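Asks: Okay, here's what each chain looks like letter by letter:
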Amino acid sequence: MRLRSTVLLLAALVACQKQQGSGLVGADAKGPIVIGHVASTTGTEATFGTSSDRGFRIFFDELNAKGGIKGRQIKLVTLDDQGKPEEAATAATRLIASDHVTALLGEVASTRSLWMAPKAQMAHVPMISPSSTNEKVTAVGDYIFRACFIDAFQGFVMAKFAHETLKLSKVAILKDVRNDYSVGLAKVFAEQFTKMGGTIVATESFSQGDVDFKAQLTNIKAKSPEAIFEPGYYTDTGLIARQAKELGLAVPLLGGDGWDSEKLYEIGGAALEGSYFSNHYSVDDPSPRIQAFVAHYKQVTGLVPDSLAAQAYDAAGMLADAMTRAPDLSGPSIRDALATMKNFAGVTGDISLDANRNPVKPAVVLKIGKGGKYEFVTRIQPE
Amino acid sequence: MQTIRALDLGFAATARRLMKSALPFLVPIPLLWLVQATLANAPGFEYAFQNVNHIGIAIILAVSLNLVNGLTGQFSIGHAGFMAVGGYVSAVMVMNGPTDDPYRLFFLMSIAAGAGAAALAGWLVGKPSLRLRGDYLAIVTLGFGEIIRVAIENTPAFGGAIGLSPIPHRSDFGAIYFAAIATILIVNRLRNSTHGRAFLAVREDEVAAEAMGVDTTGYKVRAFVISAAFAGVAGALSGAFEGNLAPQSFTFVRSFEIVAMVVLGGMGSISGSVIAAIVLTLLPEALRSLPPINLGAVQIDLVNLRMVFYSLALIGLMLSRPRGLFGSTEAWDLIGNWWRKRRGVKSEEARKAAPDAGELLLDVRGATIRFGGLTAVSDFNLQIHPRELVALIGPNGAGKTTVFNLLTGVYQATEGSIRVAGRDTHGLKPSSIASLGVARTFQNIRLFRELSAFDNVRIGCHHLARESMLAAVEESGLAGIEEGFIAERAEQLLDVMGLAARRDVLAKNLPYGEQRRLEIARALATNPKVLLLDEPAAGTNTKEKTELMELIRKLRDRFGVAIVLIEHDMKLVMGVSERILVLDHGVTIAQGLPRAIQKDRKVIEAYLGEKYAREHAADIEAENAEETAHESLSPTPSKGERDSSGDAR
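Chains A and B are the protein sequences, given in the same order. With our numbering, the residue at position 243 of the first sequence is 808, and numbering never jumps. With our numbering, the residue at position 438 of the second sequence is 805, and numbering never jumps.
These aren't lab readings, by the way, just hints derived from the structure by calculation. Note that the structure is a prediction, hence the values are computed from the model and not measured. C-beta: ideal position from N, C-alpha, C; glycine also. There's no promise every hint is true.
Mimicking SDA-like on lysine to any residue, the simulated pairs with C-alpha atoms at most 20 Å apart in a straight line are [as the list claims (entries may be wrong)]:
id	chain 1	residue 1	chain 2	residue 2
1	A	640	B	661
2	A	640	B	459
3	A	810	A	832
4	A	701	A	925
5	A	701	B	524
6	A	640	B	523
7	A	701	B	523
8	B	494	B	573
9	A	640	B	671
10	A	701	B	536
11	A	752	B	523
12	A	640	B	573
13	A	701	B	522
14	A	701	B	459
15	A	701	B	869
16	A	640	B	657
Calculated Cβ distances over 10 Å to all of chain A for the following chain B residues [to be verified]:
id	residue
17	609
18	673
19	954
Computed far set for chain B versus chain A, every beta-carbon distance over 12 Å [claimed, not checked]:
id	residue
20	396
21	415
22	494
23	520
24	526
25	529
26	530
27	574
28	626
29	670
30	671
31	752
32	769
33	842
34	956
35	972
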């Protein structure tokens, strides 16, 4: 009984593998072009996976309606990884080995992209992560790309914003020493801001999970800066904003996309109003490309696209652009086309790829307004 | 010349022995190598081997957790934490080690270091928490797993939340399956040794296990440490196979998945764990192929519900086989039963133990125990000489079983001293007192219910075994001889107690009277000098009582043990005991020869009752007359017995 069910299960597995093998849709076949997508469509991070999948599908549906690429339709196969790294690796392997995908899209989380990347690299299948910001992801190999800027770029963005838009010259830094993301942003900010002619008047540290920041804030207050660059996550940021206000430190806080959470305003409240942070995209951005995308997305799904959907839409766009320009649909050809991408017109801005396969693209700066509403301030172009 | 030859012989024998014990580990290597060389890296097999290797790692995890959750009956839900410890220690070593690793020797060292670190973590977690019972361990292990994960997330040297990469790819199908096979062999050999029976005894009944001389805390910690070490190996192999390690892999969800494999496979069944590891690893992948359903206009993608189907399948399997796929048996046992010949039961005279008659076996002086304000037993005195038959009687709640618990170390005396064979037992664990020569049975039978009669008695022989755990794993010569000796002794005891035919019956399936006798056989297996029997006649019929009376005398004569008996059946007490102590409210109200006790006013008032005294007055008179004439110690059947045996007919 139990043996039989195990045997049946094994047989089923072998059978489904065979089935997929026989429907071989390689780079040279005439059927649809198969693109794989690994996403957390279930589990605790299910909203991430669902958002990016919507972004991809909207793009490919549009593209297929226009006739596809090289006369062939695009078929997107999405596999769930439940938010588990080892399942992301297995799903990537399955898409590459059994579905013979032409290219791989995903993951949102950097950790899971890192688990997928070796599989894609080994099989010479180009992979584009829509939203993994950790530097290590594209460092895995020359077949791994991304559609978003890397973490540290936001240090540059906020330095440029503080210097050019806010016209500040004295800024203090308060960073989370236990968080690579925070340390990286702080480092780039300090370098760039000093290079632009500004002064870092104080550098203070905390550790994620701290609840009392008054000592650091008192030190900072003594140096009377015009703003504090605080590239932490939303929980710490909320607490820091409150305690700064209590100490009478009435200067804006500046931060990165680690702030982006509904919880931020719940914790920090009115103390946060007037602070700024950088992000990948804003629905309020008046750019016509974004407004057109938002309208189209709303029409199809009835939802307002979040930044994951916008980045997925751009990742699909980059892939389609490369496949159109590539002489054939083999992995190396698509890879070469991707590597030479210059000024691709994405909804989140013009995207070029640098030598490390990371996009050079604009970021947006948002202001936290009355009642915690994010207001679009400006778009910062890369150098 | 001769010495050299002897050495030579010794060396040859050692080599042969080592070879024999290592052979099962070596046999699969050529096959593993062949698969690794031909299929594992072949194009088209990437996905298959991704799953196959995940299964291998799951097998190591499930089989090793089975040692704790299945065999030893503890509930650990932190296995992923130990896996993380091993994985990270090994990965950090390999990443900072030499880039070129011929024969993967450095990788092997890193695995050993990972296993060692995980074992140490297991010891640190297990040592304090395993003393306590029940859910406590579950909570501590759950907490430990989470602490490890959070600690890794916050340690830059371990890559933080993003994880550790790239880890050199040094692990492959061959390495993973060699480790999986080794895990199965080692856990299986452990289970079939005296240590394995000790694990099972702990699972079945900790109090009884202690009474049989099994150091329960020690065995729990041992099982836990070994299991953690294997989890560390799995972590090391997994990291070097994926090229990545991430704290998100080691959440409590992962631990629960491993627990699910153990439960689904059957607690204590190694083959069950293996098959459950295969099924539960493949099931979520297989369910990816669920076809979409077309309901006219609506298309339902069942794939989106695959984890729902996975959960339903798990529930379905557990409902249809609540004790797991294999219960506590093994796939290979089911096959083995086909051709196994039943061994003939040998019947040999058990050797007679002849302790020095002058020795004082038990010497209790002024023992008092209080629970809060209540004095359960006060100023209790008892001296037992070799081969004495003493009864302890008194009304319910008089403190009789409490006295047994004091003697066996279950309770510590508040005041007074208890010496066993001249040694003060204060502060000794029950298992240590058992090894001094005190064995007991329990009022409410405490057999290891899920084990066979034979295994129950073999656990009683635990103290005889000197084999180390390593010897058990090696299956070396000494361990084999010991196993043979233990088996022989267990069979003799079953024979003496008339249970030879019941050798392979599970204890829980024996009739009540036979369970009582099996408990005595198990107690005798510890080779006691004093045997404490707690209401051996409870629930038995008149015929069995008569047999029991014979048996108690036979045990004394044959094994040379002294026997202390708690019993309410006066016919048995008066018939068998040479001396009687009467307890009431924890106080010794009388002690002396049976006929003196029967006439004692205090005893009649407190316990025997006027009715008993009246009914037996004539008997006692007659008995007295007879005994003065013959000075016989043999008891005369009382009136009550004649009557009731008449009723039985």
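Asks: None of the hints should be skipped; say for each whether it holds.
Replies: Hints, one by one, checked against the model:
no.	hint	result
1	640(A) / 661(B)	holds, 19 Å
2	640(A) / 459(B)	violated, 41 Å
3	810(A) / 832(A)	holds, 13 Å
4	701(A) / 925(A)	holds, 16 Å
5	701(A) / 524(B)	holds, 15 Å
6	640(A) / 523(B)	violated, 41 Å
7	701(A) / 523(B)	holds, 14 Å
8	494(B) / 573(B)	holds, 17 Å
9	640(A) / 671(B)	holds, 18 Å
10	701(A) / 536(B)	holds, 18 Å
11	752(A) / 523(B)	holds, 16 Å
12	640(A) / 573(B)	violated, 61 Å
13	701(A) / 522(B)	holds, 17 Å
14	701(A) / 459(B)	holds, 17 Å
15	701(A) / 869(B)	violated, 66 Å
16	640(A) / 657(B)	holds, 18 Å
17	609	violated, 6 Å
18	673	violated, 7 Å
19	954	holds, 60 Å
20	396	holds, 24 Å
21	415	violated, 7 Å
22	494	holds, 29 Å
23	520	violated, 9 Å
24	526	violated, 9 Å
25	529	violated, 5 Å
26	530	violated, 5 Å
27	574	holds, 35 Å
28	626	holds, 17 Å
29	670	violated, 8 Å
30	671	violated, 7 Å
31	752	holds, 58 Å
32	769	holds, 48 Å
33	842	holds, 28 Å
34	956	holds, 61 Å
35	972	holds, 64 Å
In summary, the structure is inconsistent with hints 2, 6, 12, 15, 17, 18, 21, 23, 24, 25, 26, 29, 30 from the numbered list given earlier, while agreeing with the others.
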